[in-house]
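Chains A and B supply the protein sequences, listed in that same order.
Position 212 of the first sequence, counting from 1, maps to 212 under the UniProt record's numbering, and the rest follow consecutively.
Position 226 of the second sequence, counting from 1, maps to 226 under the UniProt record's numbering, and the rest follow consecutively.
No wet-lab data here; the hints were simulated from the structure.
Accuracy of the hints is not assured; some may be wrong.
Below, a list of computed lysine to aspartate or glutamate pairs in the EDC-like style, where the Cα atoms sit at most 16 Å apart [stated by the list, open to error]: (1) B:Lys134 x A:Asp60; (2) B:Lys232 x A:Asp65; (3) B:Lys223 x A:Glu197; (4) B:Lys48 x B:Glu69; (5) B:Lys161 x B:Asp202; (6) B:Lys75 x B:Glu97; (7) A:Lys121 x B:Asp202; (8) A:Lys124 x B:Glu97.
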Amino acid sequence: MALSREQIAMRVARELQDGFYVNLGIGIPTLVANYVPKGMQVMLQSENGLLGMGPFPTEDEIDADLINAGKQTVTTIPGASIFSSAESFAMIRGGHVDLTVLGAFEVDVAGNIASWMIPGKLIKGMGGAMDLVAGADNIIVTMTHASKNGESKLLTRCSLPLTGAGCIKRVLTDLAYLEIDNGAFILKERAPGVSVEEIVSKTEGKLIVPDHVPEMQFDEEA
Amino acid sequence: MAGFDKVVSSYEEALAGLQDGMTVIAGGFGLCGIPENLIAQIKKMGVKGLTVVSNNCGVDGFGLGILLEDRQIKKMVSSYVGENALFEKQLLSGELEVELTPQGTLAEKIRAGGAGIPAFYTATGYGTPVGEGKEVREFNGRHYIMEESIVGDFAIVKGWKADRYGNVVYRHTAQNFNPLAATAGKITVVEVEEIVEPGELDPTHIHTPGIYVNRVIKGSFEKRIEQRTVRKG
């Protein structure tokens, strides 16, 4: 079975480490915050200028002056800091954020990512995505493996305009966890009940399949 | 006005000198920390052909979105403009020009503009449509594109508190682009919720020193919320 949105978030959460500063993109990546393992401290960075983002506010706590990069009202955790957009992107571009999780339309074997623009459709803008992929060393892309019509989104070469060139090394789809190295996807884990054959058939870019591809494990306790 | 006293008492005075065709840098992220009364005054003045540098362009009927109603904006320099039907219409009809700029690059362009740095190199956008036509340099084996900084004829800023000398503090994430915008206007106008006497703000906690600020005005703010997200208490 393909992973649910929550399961994708749970699998990403296994990559968190105690003391990590983490930037979570809009959509599935945001859900990762719900699965931080017990006893572990991570601090969430929101690129509008907040480090130490807390949960949504209660009705009484709502403050129009405190939002996240998705323009949602949020709170701060003890130990949070707030700063300008220039400072925020200095820490992103300067490689100070330990882990970045974001979505994509396509990735390819060269580590290119396309996530912001579909020609012919209205272009709303890249927001902070280009800075995030250029600045971070440790990025996990979360996405569906193929479109609803079954067309692969893991490609030899991205067909859409890029968000960043050669910057992606790890991809988690609803079917598999893969790494990108030396011009190929390497199949590291498969979703529970998903066959290697299905993943092969839905991966257009060069795919290296090791002899043993374990099923994904989830931390149920979070 | 005498000495360092920068307080003005009317919005007419606050934006005196703003003319057709000028470049205006506006603070704010989404609808958070936007200079909403200064934007309303620009609408009232009716100046046209503006280039507006702002991360977003407000929403229909609020924030910078109201300047689209009378086609006062010729060009937007923004990272994300997706919340606005009128914007979409004018963009598709070719009435409005948009220069989409990565958010961090936009922030740095404004910061650099205010700091007297004409251009800088960044890896952001290399190999993407943003990098097309821009100078590329290699440093330590990595490619970077040259981005030019931005200076505005006016900068419009929303602060929390200011003293009469134009020292400003911002509140929570309403800070965002505001302190950058404040440095990069030939004329910088700050509207705040409260004006205090010099000495009342702790010098250690000033975000924007008064040297950058030309005019200060006290306003009242709606502070509209774009995405009201709550949890059960």
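Which of the listed hints are not met by the structure? Numbers 1, 2, 3, 7, in rising order.
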